[in-house]
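There are 2 protein chains.
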Amino acid sequence: MLNAAPEPGLTAARQQAVVAALLAVLPARCVLSDAEDTRPYECDGLAAYRQLPMVVTLPDTEEQVIAILGVCRELGVPIVPRGAGTGLSGGALPIADGVVLSTARLNRIVRLDAYARTAVVQPGVRNLAISEAAAPHALYYAPDPSSQIACSIGGNVAENSGGVHCLKYGLTVHNVLRVRVVTIDGDVLELGGECLDSPGLDLLAVFIGSEGMLGIVTEVTVKLIPKPATARVIMASFGDVVTGGNAVANVIAAGIIPAGLEMMDQTSSRMVEPFVKAGYDTDAAAILLCEADGTHEEVEEEIARMTAVLEGAGASAIAVSQSEAERMKFWSGRKNAFPAAGRISPDYYCMDGTIPRKRLAEVLTGIAAMETTHGLRCANVFHAGDGNLHPLILFDANKPGEFERAEAFGADILALCVAVGGTITGEHGVGMEKINSMCVQFTRAELDAFFAVKRAFDPHALLNPDKAIPTLNRCAEFGKMHVTAGRLPFANLPRF
Amino acid sequence: MLNAAPEPGLTAARQQAVVAALLAVLPARCVLSDAEDTRPYECDGLAAYRQLPMVVTLPDTEEQVIAILGVCRELGVPIVPRGAGTGLSGGALPIADGVVLSTARLNRIVRLDAYARTAVVQPGVRNLAISEAAAPHALYYAPDPSSQIACSIGGNVAENSGGVHCLKYGLTVHNVLRVRVVTIDGDVLELGGECLDSPGLDLLAVFIGSEGMLGIVTEVTVKLIPKPATARVIMASFGDVVTGGNAVANVIAAGIIPAGLEMMDQTSSRMVEPFVKAGYDTDAAAILLCEADGTHEEVEEEIARMTAVLEGAGASAIAVSQSEAERMKFWSGRKNAFPAAGRISPDYYCMDGTIPRKRLAEVLTGIAAMETTHGLRCANVFHAGDGNLHPLILFDANKPGEFERAEAFGADILALCVAVGGTITGEHGVGMEKINSMCVQFTRAELDAFFAVKRAFDPHALLNPDKAIPTLNRCAEFGKMHVTAGRLPFANLPRF
Numbered sequence: 001m002l003n004a005a006p007e008p009g010l011t012a013a014r015q016q017a018v019v020a021a022l023l024a025v026l027p028a029r030c031v032l033s034d035a036e037d038t039r040p041y042e043c044d045g046l047a048a049y050r051q052l053p054m055v056v057t058l059p060d061t062e063e064q065v066i067a068i069l070g071v072c073r074e075l076g077v078p079i080v081p082r083g084a085g086t087g088l089s090g091g092a093l094p095i096a097d098g099v100v101l102s103t104a105r106l107n108r109i110v111r112l113d114a115y116a117r118t119a120v121v122q123p124g125v126r127n128l129a130i131s132e133a134a135a136p137h138a139l140y141y142a143p144d145p146s147s148q149i150a151c152s153i154g155g156n157v158a159e160n161s162g163g164v165h166c167l168k169y170g171l172t173v174h175n176v177l178r179v180r181v182v183t184i185d186g187d188v189l190e191l192g193g194e195c196l197d198s199p200g201l202d203l204l205a206v207f208i209g210s211e212g213m214l215g216i217v218t219e220v221t222v223k224l225i226p227k228p229a230t231a232r233v234i235m236a237s238f239g240d241v242v243t244g245g246n247a248v249a250n251v252i253a254a255g256i257i258p259a260g261l262e263m264m265d266q267t268s269s270r271m272v273e274p275f276v277k278a279g280y281d282t283d284a285a286a287i288l289l290c291e292a293d294g295t296h297e298e299v300e301e302e303i304a305r306m307t308a309v310l311e312g313a314g315a316s317a318i319a320v321s322q323s324e325a326e327r328m329k330f331w332s333g334r335k336n337a338f339p340a341a342g343r344i345s346p347d348y349y350c351m352d353g354t355i356p357r358k359r360l361a362e363v364l365t366g367i368a369a370m371e372t373t374h375g376l377r378c379a380n381v382f383h384a385g386d387g388n389l390h391p392l393i394l395f396d397a398n399k400p401g402e403f404e405r406a407e408a409f410g411a412d413i414l415a416l417c418v419a420v421g422g423t424i425t426g427e428h429g430v431g432m433e434k435i436n437s438m439c440v441q442f443t444r445a446e447l448d449a450f451f452a453v454k455r456a457f458d459p460h461a462l463l464n465p466d467k468a469i470p471t472l473n474r475c476a477e478f479g480k481m482h483v484t485a486g487r488l489p490f491a492n493l494p495r496f
Numbered sequence: 001m002l003n004a005a006p007e008p009g010l011t012a013a014r015q016q017a018v019v020a021a022l023l024a025v026l027p028a029r030c031v032l033s034d035a036e037d038t039r040p041y042e043c044d045g046l047a048a049y050r051q052l053p054m055v056v057t058l059p060d061t062e063e064q065v066i067a068i069l070g071v072c073r074e075l076g077v078p079i080v081p082r083g084a085g086t087g088l089s090g091g092a093l094p095i096a097d098g099v100v101l102s103t104a105r106l107n108r109i110v111r112l113d114a115y116a117r118t119a120v121v122q123p124g125v126r127n128l129a130i131s132e133a134a135a136p137h138a139l140y141y142a143p144d145p146s147s148q149i150a151c152s153i154g155g156n157v158a159e160n161s162g163g164v165h166c167l168k169y170g171l172t173v174h175n176v177l178r179v180r181v182v183t184i185d186g187d188v189l190e191l192g193g194e195c196l197d198s199p200g201l202d203l204l205a206v207f208i209g210s211e212g213m214l215g216i217v218t219e220v221t222v223k224l225i226p227k228p229a230t231a232r233v234i235m236a237s238f239g240d241v242v243t244g245g246n247a248v249a250n251v252i253a254a255g256i257i258p259a260g261l262e263m264m265d266q267t268s269s270r271m272v273e274p275f276v277k278a279g280y281d282t283d284a285a286a287i288l289l290c291e292a293d294g295t296h297e298e299v300e301e302e303i304a305r306m307t308a309v310l311e312g313a314g315a316s317a318i319a320v321s322q323s324e325a326e327r328m329k330f331w332s333g334r335k336n337a338f339p340a341a342g343r344i345s346p347d348y349y350c351m352d353g354t355i356p357r358k359r360l361a362e363v364l365t366g367i368a369a370m371e372t373t374h375g376l377r378c379a380n381v382f383h384a385g386d387g388n389l390h391p392l393i394l395f396d397a398n399k400p401g402e403f404e405r406a407e408a409f410g411a412d413i414l415a416l417c418v419a420v421g422g423t424i425t426g427e428h429g430v431g432m433e434k435i436n437s438m439c440v441q442f443t444r445a446e447l448d449a450f451f452a453v454k455r456a457f458d459p460h461a462l463l464n465p466d467k468a469i470p471t472l473n474r475c476a477e478f479g480k481m482h483v484t485a486g487r488l489p490f491a492n493l494p495r496f
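Protein chains in written order, with UniProt numbering: chain A, 1 to 496; chain B, 1 to 496.
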């Protein structure tokens with residue numbers, strides 16, 4: 001376990017000064033500094049990395065956000081923004097001499113305009129709470145990450161989150177119209193707007209997915225869309241993963257954009273079925289879940305076309321949900337795949353590579369071969385329509401050498417993703433977990449461009465430093481720059 | 001006419017030095033400096049503003065683009081990038097002591113992958129040429145600005161162009177997967193990618209719509225989408241513009257996303273009909289064109305739903321295209337509205353404000369009242385579904401005072417757009433035409449943020465300087481900053 005707290009004496013003096021400065025501008029309830037209070041903030045969803053922060057702040061208002069940034073700017077204290085802490089790449093991992101700025105208390109739905117189909121919410125509002133508030137108007141917020149019951153819209157903005165429906169409805173960047181942000185200098189910017197396009201540079205898009213590096217979001221205007229009249233899902237079985245992978249490409253090539261197009265291999269379906277009883281075909285080497293939504297006519301027409309394509313692609317069995325309850329049952333297994341992995345394996349390591357869709361079959365075959373090489377099982381459950389893989393490498397950290405083998409396995413998967421023209425992360429972000437792999441993905445000039453924009457917003461590098469973009473020094477130490485094939489030296493990451 | 005050429009002697013010496021430096025790195029055919037050769041580059045689609053450039057360069061390759069930027073960087077020469085020159089906001093207006101960098105010769109379709117549904121093209125490729133190349137695969141490139149037969153994809157990227165189908169299929173930013181750009185320092189960056197999402201900051205989105213301020217695009221990867229099996233268009237007549245405007249909002253509120261949703265008022269339909277013979281109802285105060293595309297079932301279902309909504313909203317007559325020929329005829333009038341304006345009026349001034357859709361009726365009523373105030377006619381023909389207005393103010397520049405009245409009329413329209421929560425430009429860009437209005441739209445901190453990003457890419461302000469983002473000095477002189485109501489002092493723009 002990573003535990004990089006500096007010398008205790010040094011921290012205590014510094015901590016006192018920072019806490020005093022924060023208490024001068026904030027109510028006491030907004031500042032936590034005792035270890036017992038800050039412990040819940042020591043990690044996010046990438047729980048293998050932990051670090052107690054010097055201070056946690058919990059602002060109630062935008063004015064308090066400005067005040068916190070003012071204190072940090074004056075005293076040169078780094079800031080780690082934090083949403084609900086469900087992120088999977090360590091983007092909210094604290095810094096020992098830094099402040100965590102949690103948006104948990106900025107949790108009001110400011111207004112919901114059913115006619116304009118927009119909601120204005122504070123960053124701490126949970127993803128699902130927006131759809132719940134919009135439900136009486138038959139509207140909802142489309143992006144639905146697995147963590148949607150817990151994750152916050154501010155975190156979604158930071159990570160550009162997706163979900164099972166983003167193939168048809170887009171990522172966060174396609175569903176957010178406007179953000180209000182506070183810069184490190186205390187300026188308030190309104191980026192984007194409710195119109196089709198906004199003049200000037202598209203800074204809204206830059207903020208979305210910027211992993212807390214550019215400013216603190218204090219308000220988000222999201223698009224709401226009409227809840228489809230109906231939806232049905234096909235469960236199609238395949239005798240091998242290659243046939244299943246090709247079927248995905250065929251659905252898309254037929255001009256169909258399913259509302260969801262997810263794949264689970266046999267390891268995944270057998271892992272999930274005893275736990276969730278979703279009715280999965282556990283004899284199949286792979287199953288595809290293909291959803292159609294829209295009006296009744298559209299859904300019937302699309303289900304018929306998808307069925308024909310899947311049969312033509314070699315599906316060995318096809319089941320179509322006959323009721324909303326059955327549709328939810330089919331999805332329940334997919335949505336519970338991660339918890340199910342926790343039931344059958346002491347530990348798992350979730351990867352997030354993305355590949356061009358047409359290379360799916362090839363990459364799945366490659367991963368299957370790696371199971372033998374590394375002597376570990378890997379459950380593949382993923383957003384097939386987007387080419388966004390989530391291989392779950394199963395291991396037991398208590399068995400000597402297993403974690404190292406899992407790590408090497410993960411490195412091989414990412415190397416394969418990059419080699420076929422893909423990327424090292426689809427929707428989980430870079431955070432601190434994949435920062436070395438960024439040296440593999442990008443050229444020096446491209447990383448320079450990222451840093452130039454980062455510096456434009458945060459010249460003193462106080463906002464979530466050392467996350468998301470590796471310094472050129474780091475890449476030099478890591479010894480890699482834009483090598484788009486071959487094994488990633490992922491095993492050089494700090495041990496835990 | 002604007003003609004701000006500096007002292008001839010000064011220009012000649014400087015011109016000789018720059019031309020010599022360019023000829024040292026480029027073939028002679030790539031460098032134009034005689035006035036007779038550079039004359040065709042003196043303006044773009046905003047032809048009222050003209051300026052001969054010092055030199056025009058026409059690179060054949062990316063290496064030559066790098067070489068041109070190198071010369072300009074060394075000698076401190078400003079660069080105005082130029083696509084096909086069809087832009088309507090003066091974004092490609094030359095600078096007297098600057099170089100025009102035309103992408104006209106970078107016009108190869110590098111590759112087209114029908115299976116992955118992408119095309120990789122050079123920036124000088126015409127918008128329509130991409131769809132023509134994709135047609136044998138039943139694919140096309142969706143954004144379709146009016147100028148699509150002539151405009152280039154590089155210009156589309158610079159302006160984030162839309163078109164009549166962008167309500168359903170998005171703007172350029174939603175249809176470009178990757179750009180390859182050369183920075184002022186000569187670095188080549190690949191921004192974006194063919195995967196769902198790319199790690200790091202979303203610099204692709206920043207480049208799209210950046211009006212040539214950040215770098216030179218040398219290659220663009222676009223999404224191709226399946227040509228819909230069929231399409232039909234409804235022409236609905238309304239007795240007044242308010243009823244028509246409300247009908248637009250009702251269609252959207254009913255959860256329908258038409259493939260196109262355009263409105264023309266009576267001035268427009270009467271202007272167009274004698275010229276195009278599109279079969280328009282010239283007795284109606286306004287007509288709406290509502291297109292459905294998709295499979296036959298989808299189209300029939302959507303046409304039926306739209307018809308019901310339009311009838312419910314008070315349409316006085318409804319006609320549905322009965323053949324592809326009739327569909328094209330209905331659209332021909334809309335697509336030829338600008339040329340038709342040129343036939344009935346010596347001059348016209350095209351505005352490009354965008355408003356929240358639900359304010360349409362109110363803004364149209366406001367514009368009608370302004371016709372009386374300013375004593376000029378205004379034809380309204382626009383992307384109603386997007387709330388993107390294109391009022392065509394008709395005037396005769398040869399009649400004393402008419403241009404000034406047209407300008408004041410335009411200013412009032414933009415002021416109304418901003419007052420109802422809209423923006424000063426939808427898809428034509430800011431260029432030099434609307435640069436003062438940017439002071440009205442944005443706060444000082446927001447303009448600062450734009451400039452910080454601009455400087456991150458172009459520290460010496462050589463790329464299309466003085467376009468798109470006003471300096472704070474300019475706003476101070478202009479005397480306005482973020483006044484979101486009241487009359488814009490648009491009449492302070494340079495006279496022509």
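Since the hints were derived computationally from the structure, they do not count as laboratory data.
Possibly wrong hints are sitting among the right ones.
[As the list claims (entries may be wrong)] With a straight-line Cα cutoff of 25 Å, these simulated DSS-like cross-link-like pairs (lysine-lysine) come out:
hint: 1; chain 1: A; residue 1: Lys399; chain 2: A; residue 2: Lys223
hint: 2; chain 1: A; residue 1: Lys168; chain 2: B; residue 2: Lys227
hint: 3; chain 1: A; residue 1: Lys277; chain 2: A; residue 2: Lys223
hint: 4; chain 1: B; residue 1: Lys277; chain 2: A; residue 2: Lys227
hint: 5; chain 1: A; residue 1: Lys223; chain 2: B; residue 2: Lys223
hint: 6; chain 1: A; residue 1: Lys335; chain 2: A; residue 2: Lys399
hint: 7; chain 1: B; residue 1: Lys329; chain 2: A; residue 2: Lys223
hint: 8; chain 1: A; residue 1: Lys329; chain 2: A; residue 2: Lys277
hint: 9; chain 1: B; residue 1: Lys335; chain 2: B; residue 2: Lys399
hint: 10; chain 1: B; residue 1: Lys223; chain 2: B; residue 2: Lys277
hint: 11; chain 1: A; residue 1: Lys329; chain 2: A; residue 2: Lys168
hint: 12; chain 1: B; residue 1: Lys277; chain 2: A; residue 2: Lys168
hint: 13; chain 1: B; residue 1: Lys168; chain 2: B; residue 2: Lys329
hint: 14; chain 1: A; residue 1: Lys168; chain 2: B; residue 2: Lys329
hint: 15; chain 1: A; residue 1: Lys329; chain 2: A; residue 2: Lys399
hint: 16; chain 1: A; residue 1: Lys335; chain 2: A; residue 2: Lys168
hint: 17; chain 1: B; residue 1: Lys227; chain 2: B; residue 2: Lys335
hint: 18; chain 1: B; residue 1: Lys335; chain 2: B; residue 2: Lys223
Q. Is it true that the CA of A/Lys168 sits at most 25 Å from the CA of B/Lys227?
A. holds (17 Å)
(Q) Need the status of pair A/Lys329, A/Lys168: alpha-carbon distance at most 25 Å? (A) holds (21 Å)
Q. Keeping to a limit of 25 Å between CA atoms, is the pair of B/Lys335 and B/Lys223 held or broken?
A. holds (24 Å)
Q | Restraint check for A/Lys335 with A/Lys168, where alpha carbons must lie at most 25 Å apart | A | Holds, at about 18 Å.
**Q.** Straight-line alpha-carbon gap B/Lys277 to A/Lys168, limit 25 Å
**A.** This hinted pair is violated, its Cα atoms lying about 39 Å apart.
Q) Given the hinted pair A/Lys223 and B/Lys223, is their alpha-carbon gap at most 25 Å? A) holds (23 Å)
(Q) So if I understand the rule, the pair passes when the alpha-carbon distance is 25 Å or less; does A/Lys168 with B/Lys329 pass? (A) With a Cα-Cα distance of about 32 Å, the restraint between A/Lys168 and B/Lys329 is violated, given a limit of 25 Å.
Q: Would you mind confirming whether the straight-line C-alpha gap from A/Lys329 to A/Lys277 stays at or under 25 Å?
A: holds (8 Å)
Q | Restraint status (C-alpha distance of B/Lys329 to A/Lys223 at most 25 Å) | A | violated (35 Å)
(Q) What's the verdict on A/Lys277 and A/Lys223, does the C-alpha distance respect the 25 Å limit or exceed it? (A) violated (35 Å)
Q. Do the alpha carbons of B/Lys223 and B/Lys277 lie within 25 Å of each other, as the hint requires?
A. At roughly 35 Å apart (the allowed maximum being 25 Å), B/Lys277 and B/Lys223 break the hint.
Q) Between B/Lys168 and B/Lys329, does the CA-CA distance stay at or below 25 Å? A) Distance ~21 Å between B/Lys168 and B/Lys329 Cα, so the pair holds.
In summary, the structure is inconsistent with hints 1, 3, 4, 6, 7, 9, 10, 12, 14 and 15 from the numbered list given earlier, while agreeing with the others.
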